[in-house]
Amino acid sequence: MIETENLTKKFGNLTAVDNVTLRVNDGEVFGFLGPNGAGKTTTIRMLCCLISKTSGSATIGGYEIGNKEGSLKIRKIIGLVPDNVGLSEHLTAYDNLDFYGKIYDSSDAQRKESIKRFLEMLGLWEKRNALAGTFSKGMKQKLAIARALIHDPQVLFLDEPTANLDPESAKTVREFILELKKEKKTIFLNTHNLDEAQRICDKIGILNTTLRVTGTPQDLEQEVKGKKTIVSLEQVNEKILSALKKLSLKNLTNEGNKITFDVSDPDKENWGAVEAMVLAGGHVNTVNVVGSSLEDVYLKLVRESA
Amino acid sequence: MRLSKAWLVASRDFKIFRHQKNILYSIIVFPVIISVLFPAILEFTQLRNSGGLAAVGVLPNLLNSFSFFFVIGAAYIPLGIASYSIVGEKVEKSLEPLLATPLTDGEILLGKAISAVLPTLAAMYAASIVFMVGIDATTVGRLGYNYFPNWTFGVLLLIVVPVAVVMSVLYSVIVSSRANDVRSANSYGIFILFPLLAIYLLSEVGIISLDINGFLIIAGILSAVDVALYFVSTAAFQREEILTKWK
Chain A
1 MIETENLTKK FGNLTAVDNV TLRVNDGEVF GFLGPNGAGK TTTIRMLCCL ISKTSGSATI
61 GGYEIGNKEG SLKIRKIIGL VPDNVGLSEH LTAYDNLDFY GKIYDSSDAQ RKESIKRFLE
121 MLGLWEKRNA LAGTFSKGMK QKLAIARALI HDPQVLFLDE PTANLDPESA KTVREFILEL
181 KKEKKTIFLN THNLDEAQRI CDKIGILNTT LRVTGTPQDL EQEVKGKKTI VSLEQVNEKI
241 LSALKKLSLK NLTNEGNKIT FDVSDPDKEN WGAVEAMVLA GGHVNTVNVV GSSLEDVYLK
301 LVRESA
Chain B
1 MRLSKAWLVA SRDFKIFRHQ KNILYSIIVF PVIISVLFPA ILEFTQLRNS GGLAAVGVLP
61 NLLNSFSFFF VIGAAYIPLG IASYSIVGEK VEKSLEPLLA TPLTDGEILL GKAISAVLPT
121 LAAMYAASIV FMVGIDATTV GRLGYNYFPN WTFGVLLLIV VPVAVVMSVL YSVIVSSRAN
181 DVRSANSYGI FILFPLLAIY LLSEVGIISL DINGFLIIAG ILSAVDVALY FVSTAAFQRE
241 EILTKWK
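Chains as they are written, first to last, in this note's numbering: chain A, 1 to 306; chain B, 1 to 247.
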C-alpha cells in the first residue's frame with residue numbers, strides 16, 4: 001500500500017529525510033519511531049503530498065507522489081491526523097466532520113451515517129453541537145481522527161496521536177486505533193511512544209534522518225541487538241572476570257553476584273562462558289537469557305546515528 | 001477549478017464568522033458609519049448655516065468625495081475577514097488537514113476570497129442604499145433634485161468597489177503568509193489603505209477629480225494592481241509554501 005524508494009527531502013543544505021526505503025502492506029499498522037527532528041513529520045507530509053520530495057520515489061495505493069494527478073488521487077484515498085490536530089475551533093464537532101465529508105463528495109445520507117457512527121464510537125455524539133474549541137485535548141484528538149476517517153480512506157496517517165494526552169485519553173485513542181487495525185485499515189503511525197508502537201504496530205521503522213531499521217517489534221528486539229545472558233553466581237571474583245575477558249564477550253558487565261554479556265546465539269556462546277566461570281572456581285546458580293527491549297534497540301540506533 | 005468546492009470552503013468560513021463577533025463588527029461598523037455619518041454631517045451644517053459645506057455649487061463634488069469612502073471601506077473590511085480566515089486558520093493549525101484533502105490550492109484560495117468578498121460587497125451595497133436615501137433627503141431641498149442614484153456612483157459601486165475589495169483580499173493573502181497572528185496581519189494590512197487615502201487627499205486639493213472619468217481611471221489602476229497581486233498571492237498560497245515557509 002505504501003512504498004518508498006530512497007525518498008529524500010532537503011531544505012536548502014539541511015537534509016531532513018535521507019534515502020528512506022520502506023514498504024507497508026495493505027492492512028498493516030506501521031510505527032515510525034524517531035526523536036524530535038528525525039524527519040517523521042516531513043516523511044508524512046511528503047507521503048500525503050503536502051510537500052515535494054527532493055529525490056527518490058514513493059507510491060500510495062499505486063499512485064505516485066510528486067506529480068499533480070497522482071497527488072490528487074492519493075489525497076482522495078488517505079486521511080491525515082496532523083500532530084497539531086488542526087480542528088476549526090469555531091465550528092461544532094458535527095460541522096467539522098460534515099465539511100470534510102462534503103469535500104469528498106459523500107452523499108448526505110452517507111455523511112450523516114458516518115458522522116453518527118464515528119462520534120458514537122468515540123463517545124462524542126452527545127457533544128456534536130458543541131464548538132470544537134470547547135473540547136479537551138483528548139476529545140479534540142478523537143474528533144480529528146474521526147475527521148480523517150469520514151471518507152473511509154484506505155490509508156490513515158497519524159502524527160503522534162497520543163502526544164500530550166492524559167493517560168486515559170491516550171488509552172482511548174490507542175484502543176480506537178486497535179479497532180481500526182481489526183478493520184484492516186492501513187495505518188502509518190508516527191510516535192515517540194515505544195510501548196504504544198510495540199502494542200499497536202505490526203511493523204516498526206526507526207528513523208533518524210536515515211531509516212535505521214525496519215521490522216516487527218519482535219524482530220527488532222531479537223535481531224538488531226540480539227540477546228543478553230545473565231549469570232547469577234555464588235560469588236564473583238577477579239579470576240572469574242579475567243577468564244571471561246579472555247573470551248571477548250560483548251558488553252561484559254558485573255553487578256554484585258551477577259555477570260551480564262551480550263550474545264547473538266545463546267546456545268553456542270553460553271556454553272563456553274559458563275565453562276570458563278566454572279573452571280575459574282565459580283559456583284553458577286542460574287543462567288538466564290533475555291531479549292533486549294524495543295527501548296534498548298531504539299536508544300542504541302538513535303545514539304549511533306547522532 | 002471546481003467552483004462548488006470553493007463555495008464549500010467559503011460556506012464553512014461563513015459559519016465560522018457567525019461565532020466571531022470581531023469579524024461581524026468589522027463588517028458592520030464601517031458601512032454604518034459612512035452611511036449615517038455623511039448625511040448627518042450635511043444635515044448638521046445645513047442647520048448651522050446656509051453656505052459652507054452645504055453650498056449648492058460645491059455639493060456634487062463634495063458628495064462624490066463622500067462616495068469615495070465606499071472604496072476605502074471596500075478595501076478596509078476584507079482586511080479583517082481575510083486575515084482571520086487565513087491567519088486564523090494558521091494559528092489554529094487547521095490549514096494542514098485541509099491541504100491534505102483533494103481540494104486544490106486554487107479552490108481553497110478562491111473559497112477564502114469569496115468569504116471575504118461577498119460579506120464586504122453585501123455590507124457596502126446595503127450601506128450605499130442608506131447613504132443615497134440619507135444624502136438625497138438632506139440635499140434635495142438645496143439641489144432641487146435627488147443627487148443619487150447617478151452614473152458616477154454606479155461606476156464607483158459596480159466597478160471601483162469590487163476591484164478595491166479584490167485588491168484588499170489578495171493583499172491580505174500575501175500579508176497572511178508573513179504574519180504570525182491576526183492582529184499583526186491587520187496592522188500590516190492597513191498599508192493597503194494609504195494609496196486610497198492619497199487619492200482622496202489629491203482629489204481634495206484638486207489634482208484628481210472624483211467624477212465618472214476619475215473613477216474609471218482609478219478602477220483601471222486598481223485592476224492592474226489586482227493582476228500583480230494575484231500572481232504574488234497565488235505564488236504565496238501553495239501547499240509547500242504554507243507548510244514550510246509561512247511563519
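Hints may contain errors.
As the list claims (entries may be wrong) - The following label-pair restraints were derived from C-beta to C-beta distances: (1) B:Gln-238 / A:Asp-105: 17 to 25 Å; (2) A:Asp-296 / B:Phe-231: 51 to 59 Å; (3) A:Asn-251 / B:Asp-105: 48 to 56 Å; (4) B:Asp-105 / A:Gly-12: 20 to 28 Å; (5) A:Asp-296 / B:Leu-24: 55 to 63 Å; (6) B:Glu-241 / A:Asn-164: 40 to 48 Å.
FYI, nobody ran anything at the bench for these hints, they're computed from the structure.
Note that the structure is a prediction, hence the values are computed from the model and not measured.
Virtual Cβ for every residue (Gly too), placed ideally from N, Cα, C.
Do the hints match the structure? See the list:
The beta-carbon spacing between B:Gln-238 and A:Asp-105, approximately 24 Å, falls within the hinted interval of 17 to 25 Å. The hint said 51 to 59 Å for the Cβ distance between A:Asp-296 and B:Phe-231, and at roughly 55 Å that hint holds. Against the hinted window of 48 to 56 Å, the Cβ-Cβ separation of A:Asn-251 and B:Asp-105 comes to about 54 Å, which satisfies the hint. At roughly 23 Å, the beta carbons of B:Asp-105 and A:Gly-12 sit within the given window of 20 to 28 Å.
About 58 Å separates the C-beta atoms of A:Asp-296 and B:Leu-24, a value consistent with the hinted range of 55 to 63 Å. Checked against the given bound of 40 to 48 Å, the beta carbons of B:Glu-241 and A:Asn-164, roughly 27 Å apart, lie outside it.
In summary, the structure is inconsistent with hint 6 from the numbered list given earlier, while agreeing with all the others.
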